Structure formats: C-alpha cells, structure tokens
Amino acid sequence: MKIMIQEYCGSFAENKDQARDIRDNHISRILELSDEVVVLDFSGVDSSTQSFIHALISSFFQKLGEKALQRFEFSNCTTAVKSIITTVINYSLE
Amino acid sequence: MSTLYIPNSIALANFDSVFKNNNFDFSDGKVEIQFHPKYVAMHPVGLVLYASLGDYFRKKEIETTATINPIKSIPYLQRMGLFSTLGYADPIVTEEHEETGRFIPLTRITTSDELAAFLKDIDPILHTTQDTSRTVKHVFSELLRNVLEHSKSGLRLGGHVCATYSRKKKKISIGISDAGQGILEGMVGFKRFATYKEAILNALKPGISGTTPKLGGTQENAGAGLFFTKCIAQSTRSHFLIYSGDSYFKLLIRPSSERIKFNANPEDDYATIKDSLPFFQGTVVGIDIHIEDTTAFNELMQMIGDSYRASLNKMKKDYYKRIKFS
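Protein chains in written order, with the numbering used here: chain S, 1 to 94; chain R, 1001 to 1326.
To be clear, the hints were calculated from the coordinates, so they are not data collected in a lab. Please read these numbers as outputs of a predicted model, since none were measured by experiment. We put the CB at the ideal spot given by N, CA and C, even for glycine. Hints may be right or wrong, so weigh each one.
Each computed DSSO-like pair below joins lysine-lysine, with the alpha-carbon atoms no more than 30 Å apart [as the list claims (entries may be wrong)]:
| no. | chain 1 | residue 1 | chain 2 | residue 2 |
| --- | --- | --- | --- | --- |
| 1 | S | 82 | R | 1038 |
| 2 | S | 2 | S | 63 |
| 3 | R | 1038 | R | 1171 |
| 4 | R | 1020 | R | 1168 |
| 5 | S | 67 | R | 1316 |
| 6 | R | 1120 | S | 82 |
| 7 | S | 63 | R | 1316 |
| 8 | S | 82 | R | 1168 |
| 9 | R | 1314 | S | 67 |
Partial list, computed: chain R residues near chain S (C-beta under 7 Å) [as the list claims (entries may be wrong)]:
| no. | residue |
| --- | --- |
| 10 | 1112 |
| 11 | 1119 |
| 12 | 1220 |
| 13 | 1224 |
Derived contacts from chain S toward chain R, CB cut-off under 10 Å, selection only [unchecked claim]:
| no. | residue |
| --- | --- |
| 14 | 11 |
| 15 | 12 |
| 16 | 14 |
| 17 | 47 |
| 18 | 49 |
| 19 | 58 |
| 20 | 60 |
| 21 | 62 |
| 22 | 64 |
| 23 | 70 |
| 24 | 71 |
| 25 | 75 |
| 26 | 76 |
| 27 | 80 |
| 28 | 86 |
| 29 | 91 |
Given the sequences, and given the hints that come with them, work out the whole structure.
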C-alpha cells in the first residue's frame, strides 16, 4: 500500500498535524488490517523535519522493533529526507 | 508609569543591552516606550522580544505610549513591522523595497496552516542554496511548532517570527517569540523543575520533552527540537539564545580552529547561562546561521542525529537520578 506524502504535505514535510493524520488514519490501519508493506513515497518532497518524521513513524518502530523494518519501505527520498528517516529509525529502535 | 527603554544596539552577542534601564515590571498598568535618542540597531531577536511584550501589554490591558524621535533607524524598524505590531501608526512614509533575499518582517503565526503557508512562501525570500534553505526552514518549523504546541499563548496571539540576511557577513539572523506561559510552565511532564533556569537547561537536553517525564518523549514529541536547533547554530559557529521567565541560555561562538562537539548537557557548552534577570512572560529564541559554514543538510542531520542517539542512550543508562537516596 503506497502513501504519497507530497499529496498531504507539499514539498517540505513538516506539518505534524498531517503526520499524525497519516499515521493514525492510514499507516495504523494498514498495519493492523493486513500484512502489506507500507510504502511511504516521498516523490516531490524536497525536505522534512525530525519532528515530522518522528510523529509519522517513530511509534511503530518503538512498538514493533526491528520487525517494523520489514513492514515499511521509503521510496523516492532525497538525501535530506533519507538522513532524517535514518536518524529517527535509529533512535526509535534503541 | 513604567518605562520600556529600547537601547541603541541589540544583538545576540550583547543581548543584555535589553535589560539596560529596564526591569520589565509593568504592574502599574501604564508603560512609556522610549527609544534610544540617536539610533537603534536591532537583531530580529529584539524585534520579536518587543513584539511579544506588545502582546503581553494587550493581554494585560496595559496602556502604552511611545516617544519616537526622528532617528535614522526608523525606516528599518518600520519596514520590519515593529511599530504596527506594537499597535502604532508608522511614523514616516517610506517606499517599500522588495523583501527578496533580504529580510522577513515581523510575521504573526497563530495556526499550523499559517505556519505551513509561511514556510511555503519563504523560499524565494531566503534566496540561498538548497542546503541552507533546508536548514533554515528546519529551524523555523521546529521553533514555531514549539510555540504552537507548548506556549499556550492563545489562538489569537500565537507567536512572532522575523529574519534578516546580511550579505556582507553571509549570515541569516532569526528571532521567534511568544507571550505564552514560558518554558517552566510548559514542562508539564516535569513538575520537579523549580526554576526557569533548570527548565531551560533541561529543555535543551536531547530526549526531554515538556509533555512527558519519559526520556525520549512520546509518539508526538521526541524532545529533540531545541537540541537540533542549538546544534545547527553550533555547526555554523553561531550564536543561539533562549530566554524565558527570568533566565536565559546563550551559546557563544567557538573559534574555527576548534572541533565542533554537540553536548547533551548544555552546561558543558561554551555558553552564558543567567538567571534572576528581569522577568519576561513568554519565550524568545534568537539564532544566527552563517551560510558559508553550512554543512550539507543530510550530513548535518546525520551528525546531530547520531549525537542525539548517543546522548539519549547515555542518559537512559545514567541511573543516578533514579536511585532513591534519602
């Protein structure tokens, strides 16, 4: 199941209200109701913030641990977005 | 009648000038605002400080009068929106120059949508490299979301932001403020903090969020926003200041020959920490970013993230504070 982040957040993904909305109304449901991989597609997103990515995914990695790595795929990320996702996942898994 | 004296020079390096002839005690309900009679050079941190004092006066229904002499600095202060934000008519008629690449005047942000719109609009104003733009927008977003989420300044007032760009010094200067509850009250998860100084120093530590006593924060907040912002200032060897209540923390500039180190404990930083200052109801943050020294954004995030992670691990394993000594 693919979620296009840019459709919600534009080219700078920083709005935590939208992160919360995507997390609670889309990602959570997919993870609960299916075995599908959640594909977060960052096409068109130039950058983001640590707070946004934290609000979006941190809770799943804290709850599921390393198993979450099998349930998420991050596609079309810029180097800026990749670095923030890596940062958030690294500290969420510890 | 109380007096609010506006000095001739306010920068992050000499921020203490805002306390000159001022005690910020406006309890008698009337304030006369006096500008320095010759000139006023003001960093955005000064502009947002006075903008939020203006909000405080409005909230408390404090009557103000201002003496504005015909000084050279009036066009700058007017273009940055200081007089209108304080509720005064602009003193002179000026031709408004294009903001692009030069400054962002005082802007009030009251909602998440306004913040998103502001961040969308500032790209052409910043007029800089993609990496610097990412860094600056990260700072704006983290600090203004803190205002919206934690300040309780009220939907009508929100917070203020403004910025200037000095081409000569290759520096972007930013100020963000609110007239809300201040950092001590904002640390609701940490009722044990007794002073503003203690609350500020803890708010700067990685993994400490105002919303919960749990290290590492909640699913909403990692307790990383201020730590990341302070590290961004450190990475470009710039000033960073946070002032709330009667205390401030001010990061000083390290020489370029020294290696940059991101400390988990702000007391280990090369910084000035003061308390017992005139009481400011709210929070003010000022930061400079030297754009020539900006590391590629992804590398910067990686470096700060690694430091955040290492610090958090160390703090989690430091059981000293959890052992019950009696």
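Structure-based check of each hint:
no. : hint             : verdict
1   : S:82 to R:1038   : violated, 51 Å
2   : S:2 to S:63      : holds, 21 Å
3   : R:1038 to R:1171 : holds, 26 Å
4   : R:1020 to R:1168 : holds, 29 Å
5   : S:67 to R:1316   : holds, 23 Å
6   : R:1120 to S:82   : holds, 21 Å
7   : S:63 to R:1316   : holds, 18 Å
8   : S:82 to R:1168   : violated, 33 Å
9   : R:1314 to S:67   : holds, 25 Å
10  : 1112             : holds, 5 Å
11  : 1119             : holds, 6 Å
12  : 1220             : holds, 6 Å
13  : 1224             : holds, 6 Å
14  : 11               : holds, 8 Å
15  : 12               : holds, 6 Å
16  : 14               : holds, 4 Å
17  : 47               : holds, 4 Å
18  : 49               : holds, 5 Å
19  : 58               : holds, 6 Å
20  : 60               : holds, 9 Å
21  : 62               : holds, 8 Å
22  : 64               : violated, 13 Å
23  : 70               : violated, 20 Å
24  : 71               : violated, 16 Å
25  : 75               : violated, 17 Å
26  : 76               : violated, 15 Å
27  : 80               : holds, 5 Å
28  : 86               : holds, 7 Å
29  : 91               : holds, 4 Å
Hint violations for this structure: numbers 1, 8, 22, 23, 24, 25 and 26, all remaining hints satisfied.
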